[in-house]
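Chains as they are written, first to last, in my numbering: chain A, 1 to 173; chain B, 174 to 345.
Once the Cα atoms are required to be at most 30 Å apart in a straight line, the calculated BS3-like pairs of lysine-lysine come out as:
#: 1; chain 1: B; residue 1: 277; chain 2: B; residue 2: 311
#: 2; chain 1: A; residue 1: 157; chain 2: B; residue 2: 221
#: 3; chain 1: B; residue 1: 277; chain 2: A; residue 2: 145
#: 4; chain 1: A; residue 1: 101; chain 2: B; residue 2: 221
#: 5; chain 1: B; residue 1: 311; chain 2: A; residue 2: 38
#: 6; chain 1: A; residue 1: 101; chain 2: B; residue 2: 254
#: 7; chain 1: A; residue 1: 111; chain 2: A; residue 2: 129
#: 8; chain 1: A; residue 1: 157; chain 2: A; residue 2: 145
#: 9; chain 1: A; residue 1: 145; chain 2: A; residue 2: 124
#: 10; chain 1: B; residue 1: 221; chain 2: B; residue 2: 277
#: 11; chain 1: A; residue 1: 111; chain 2: A; residue 2: 145
#: 12; chain 1: A; residue 1: 38; chain 2: B; residue 2: 221
#: 13; chain 1: B; residue 1: 221; chain 2: B; residue 2: 311
#: 14; chain 1: A; residue 1: 101; chain 2: B; residue 2: 311
#: 15; chain 1: B; residue 1: 311; chain 2: A; residue 2: 129
#: 16; chain 1: A; residue 1: 145; chain 2: B; residue 2: 254
#: 17; chain 1: A; residue 1: 114; chain 2: A; residue 2: 145
#: 18; chain 1: B; residue 1: 311; chain 2: A; residue 2: 111
#: 19; chain 1: A; residue 1: 129; chain 2: A; residue 2: 115
#: 20; chain 1: A; residue 1: 157; chain 2: A; residue 2: 111
#: 21; chain 1: A; residue 1: 115; chain 2: A; residue 2: 151
#: 22; chain 1: A; residue 1: 151; chain 2: A; residue 2: 111
#: 23; chain 1: A; residue 1: 114; chain 2: B; residue 2: 311
#: 24; chain 1: B; residue 1: 254; chain 2: A; residue 2: 157
#: 25; chain 1: B; residue 1: 221; chain 2: A; residue 2: 115
#: 26; chain 1: A; residue 1: 151; chain 2: B; residue 2: 221
#: 27; chain 1: B; residue 1: 254; chain 2: A; residue 2: 151
#: 28; chain 1: A; residue 1: 101; chain 2: A; residue 2: 151
#: 29; chain 1: A; residue 1: 145; chain 2: A; residue 2: 120
Stretch-level coverage of chain A by chain B, calculated; a stretch enters the list once three of its residues show a Cβ under 8 Å from a Cβ in chain B:
#: 30; region: 21 to 27
#: 31; region: 38 to 44
#: 32; region: 141 to 150
Simulated DEER-style distance windows between Cβ atoms:
#: 33; chain 1: A; residue 1: 111; chain 2: B; residue 2: 271; range: 39 to 49 Å
#: 34; chain 1: A; residue 1: 124; chain 2: B; residue 2: 288; range: 38 to 48 Å
#: 35; chain 1: A; residue 1: 80; chain 2: B; residue 2: 289; range: 42 to 52 Å
#: 36; chain 1: B; residue 1: 198; chain 2: A; residue 2: 41; range: 18 to 28 Å
#: 37; chain 1: A; residue 1: 86; chain 2: B; residue 2: 194; range: 49 to 59 Å
#: 38; chain 1: A; residue 1: 74; chain 2: B; residue 2: 202; range: 44 to 54 Å
#: 39; chain 1: B; residue 1: 182; chain 2: A; residue 2: 21; range: 22 to 32 Å
#: 40; chain 1: A; residue 1: 111; chain 2: B; residue 2: 300; range: 41 to 51 Å
These are calculated hints, taken from the structure and not from any lab test.
Keep in mind that this is a model prediction, so the values were computed, not measured.
Where a beta carbon is used, it is the ideal one built from N, C-alpha and C, also for glycine.
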Amino acid sequence: MRHKHRRSAANHTRPDLPITPMLDMSFQLLSFFVITYKPATLEGQLSLMLPKPGNDNPTPSNVELKIDEQAEEELAIRVQSNGNGGLLGLELGSKTSAEAKVYTDTDELQKELKKIVLSKNADKQPLPKIDYQFAGDLNYQFVIKQLDEAKQAGFEKVTPSLLSTVKPKKDGK
Amino acid sequence: MSTTPGEETIHEPDLTPLLDLVLQLVMFFMLVVHFESEQRNENVQLPKAGIAKGIVKPDKLRIVFINVLPTIDPETNGPSKSQSIITVFENTSTAEYSNQEQLKQYLATEIQKDQALSPKDVWDKGGGRAVVILRADKECTFKMVYDTMLTVRAVGYSEIQLRAQVDRTSGG
Numbered sequence: 001m002r003h004k005h006r007r008s009a010a011n012h013t014r015p016d017l018p019i020t021p022m023l024d025m026s027f028q029l030l031s032f033f034v035i036t037y038k039p040a041t042l043e044g045q046l047s048l049m050l051p052k053p054g055n056d057n058p059t060p061s062n063v064e065l066k067i068d069e070q071a072e073e074e075l076a077i078r079v080q081s082n083g084n085g086g087l088l089g090l091e092l093g094s095k096t097s098a099e100a101k102v103y104t105d106t107d108e109l110q111k112e113l114k115k116i117v118l119s120k121n122a123d124k125q126p127l128p129k130i131d132y133q134f135a136g137d138l139n140y141q142f143v144i145k146q147l148d149e150a151k152q153a154g155f156e157k158v159t160p161s162l163l164s165t166v167k168p169k170k171d172g173k
Numbered sequence: 174m175s176t177t178p179g180e181e182t183i184h185e186p187d188l189t190p191l192l193d194l195v196l197q198l199v200m201f202f203m204l205v206v207h208f209e210s211e212q213r214n215e216n217v218q219l220p221k222a223g224i225a226k227g228i229v230k231p232d233k234l235r236i237v238f239i240n241v242l243p244t245i246d247p248e249t250n251g252p253s254k255s256q257s258i259i260t261v262f263e264n265t266s267t268a269e270y271s272n273q274e275q276l277k278q279y280l281a282t283e284i285q286k287d288q289a290l291s292p293k294d295v296w297d298k299g300g301g302r303a304v305v306i307l308r309a310d311k312e313c314t315f316k317m318v319y320d321t322m323l324t325v326r327a328v329g330y331s332e333i334q335l336r337a338q339v340d341r342t343s344g345g
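Turn these sequences into a full structure, and let the hints guide you.
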C-alpha cells in the first residue's frame, strides 16, 4: 500500500532568496569602481585669434613677418626664452617700429598693459590687438600664462605666433 | 521574519531596496569610467589659465581631439624639446603620430570625409567642418603647439579650441 504523504499546511515553506551575499558582492564592485574612478580635471577653452594661414604650404619656421597695412593699432610682444624653456625677457613694442621697451618681470608688463587699457578706455578708443611672438623653445605653460595675463588685463584680440628673427625696420618696411 | 514556536519574532531589515540602490551606483560608475576617457589622454597635463572659460559644447557632428605630449629625452630623462607624440581621437578611433606630416595626411583624409557629408553650399561658406580640440601638455614647447595649429589650419579646419586647466586662484 502506498502511503501518500501530504504536506500539511503548517509545513509549507516559502523559497527565500539570500540577499545579503548579493549585497556584499555589490559593495565589493562599488568599492572597486569608487577607488579606480579618477575625476577629470576641470578643463576650459581659450578664446584666441589663430595665426593667419601663410602660403599654400606653410613652413612655420620660415614664416616672414608681414605688416598688415590695413591693421588697426597692433602691439607686438616678443617673448624670449633662456634656452631651457624658461622666460628670459619680454619686449613690448608696436608692429611697425623696432623700438621696444624691455621687461624682465611679467608683473611689470602686465601693469603696463593695464595702463594701456585704462588709457584707451578713458579716451574711448578701441583697444589694440596684441601679437605675441614666442620663442619656439619656450615652455607652453609660459605661453598660456602670458596670454592669460593679456586677457585679464582687458585685451580681447590676442594672437600667438612664432618669434621671428627678422625685426621690422624703423620706417615700417 | 522568522519564527520558531515559543520564541519572539526576529525582525530582519529588508535589504532589497538597498541592493537596488547599490546596483544603481555601480552602473553609474561603470558608465562614467568609460565616458570620454578615450578622448582625453590622461598623461597630458594641461597648463592652467584663469581666462579659460567653461567648455561650450560644439554644435557639430564631429569632434577631433588632438593631444600633444612631448616624448622623454633619453639624455636628460625629462620632456623632449623637439619630439612629441600627437594622439588623435575621433569618435572611437585612435591614431598616434610622431610628426606633422603624418598628422597632416590623416587630417586631410578626415576633412575629405567632412566634405563628402556636407552640402556644397554649407561647405563653401566655411561650414560642415569638424571642430578640432587641441590639448597640449604644459611641458610642450611653443613650437610643437604652434606647428600643430598651423597644420590644422593648413588642412582647412577653421575651428580650433585650445584647452587649458581652469585656474580658479587667478582672476578672470
